[in-house]
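Make a model of the complete structure from these sequences and hints.
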Amino acid sequence: MTSQSLHAHLVLASRFENIEVAERTLRDLCDQAGCDGDDLYWVVTALREALANAVRHGNRSEPERKVFVDYLVDPSTVTIQVEDEGEGFDPATIPDPTDPENLLRPNGRGIFYMQQFMNQVEFGQAPNGGTSVKMVKQLQPKTKENEE
Amino acid sequence: MKSEIRDRGNVRIIKMSGKITIGAGDVKIRELIDQALEDGKKHILLDLAGVSTIDSSGIGEMVACYTTVTKQGGQLKLLRLSPKINDILQVTQLITVFDVFDDEEEAVGAFT
Numbered sequence: 001m002t003s004q005s006l007h008a009h010l011v012l013a014s015r016f017e018n019i020e021v022a023e024r025t026l027r028d029l030c031d032q033a034g035c036d037g038d039d040l041y042w043v044v045t046a047l048r049e050a051l052a053n054a055v056r057h058g059n060r061s062e063p064e065r066k067v068f069v070d071y072l073v074d075p076s077t078v079t080i081q082v083e084d085e086g087e088g089f090d091p092a093t094i095p096d097p098t099d100p101e102n103l104l105r106p107n108g109r110g111i112f113y114m115q116q117f118m119n120q121v122e123f124g125q126a127p128n129g130g131t132s133v134k135m136v137k138q139l140q141p142k143t144k145e146n147e148e
Numbered sequence: 001m002k003s004e005i006r007d008r009g010n011v012r013i014i015k016m017s018g019k020i021t022i023g024a025g026d027v028k029i030r031e032l033i034d035q036a037l038e039d040g041k042k043h044i045l046l047d048l049a050g051v052s053t054i055d056s057s058g059i060g061e062m063v064a065c066y067t068t069v070t071k072q073g074g075q076l077k078l079l080r081l082s083p084k085i086n087d088i089l090q091v092t093q094l095i096t097v098f099d100v101f102d103d104e105e106e107a108v109g110a111f112t
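Note that the protein sequences, when read in sequence, are chains D and H. Here the first sequence is numbered in this note's numbering, starting from 1 and rising by one per residue. Here the second sequence is numbered in this note's numbering, starting from 1 and rising by one per residue.
Don't take each hint at face value.
[Stated by the list, open to error] Listed below are the simulated DSS-like cross-link pairs for lysine-lysine, each with C-alpha atoms no more than 27 Å apart in a straight line:
1) H:84 to D:134
2) H:15 to H:28
3) H:28 to H:77
4) H:15 to H:42
5) H:28 to H:42
6) D:142 to H:84
Rather than coming from a laboratory, the hints here were simulated on the basis of the structure.
This is the structure in structure tokens:
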């Protein structure tokens, strides 16, 4: 485990299989930073949702469009930024998936999961006009008990 | 995602393991449910004990399958959720939609 911040940047073609590449990179960084267990599981879940949105909704699954992923991981915080090359969107237009009338909708839960599992989720416009999402997770402090 | 299929009486039990995620496992769920319905099995039990990861696409496909099966007069129930998948269904309140069981005997007996 390192006490230093770890930084990585990926540029990915818009293919769903590249979500696995982004996940492996995150797991690698988190392993070095000592982030594991529940925290890691939920951060990976949020990352996968952000990537899936960027590929499917942002870049319309056009492989020549890129997805940019930035990671900053230290023992207390994981920060991930995902940008696509799409046309951008307003997250406020996504209906609440927990509203009884939306419960049986087959889609519309990805952003909700990101918001549930991360401490901070901010949407903005990427420099190229696409969507940018920044997600932050404060990690649970390590105790001797949960390190064993 | 891997799957094993067996029938107990008129109940199709589909045991899934691995990832149910966008572009792979989500499509597979749809195929397995379509196959069950084609085989005349309208009582379907999804055993999720071996599922390590499910994303919103996988959840969405499960919801779509639930709707399809219900519209055809069948029932789709869930068996053996891991604590994490239980949490994922809880936060979106889908736990109120699905019948969830820990015991296969009990689950099979719950189909009406």
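Hints and how they fare:
A threshold of 27 Å between alpha carbons decides the hint, and for residue 84 of chain H with residue 134 of chain D the separation of about 24 Å falls inside it, so the pair holds. Proximity of residue 15 of chain H to residue 28 of chain H is assessed by CA-CA distance (about 12 Å); at most 27 Å being required, the pair is judged to hold. With a C-alpha separation of about 17 Å, the suggested pairing of residue 28 of chain H with residue 77 of chain H holds against the 27 Å cut-off. With a C-alpha separation of about 16 Å, the suggested pairing of residue 15 of chain H with residue 42 of chain H holds against the 27 Å cut-off.
Between residue 28 of chain H and residue 42 of chain H the CA atoms are separated by roughly 18 Å; this keeps the pair inside 27 Å, and the hint holds. About 21 Å separates the Cα atoms of residue 142 of chain D and residue 84 of chain H, which keeps this hinted pair within 27 Å; it holds.
The structure fails none of the hints (numbered hints given earlier).
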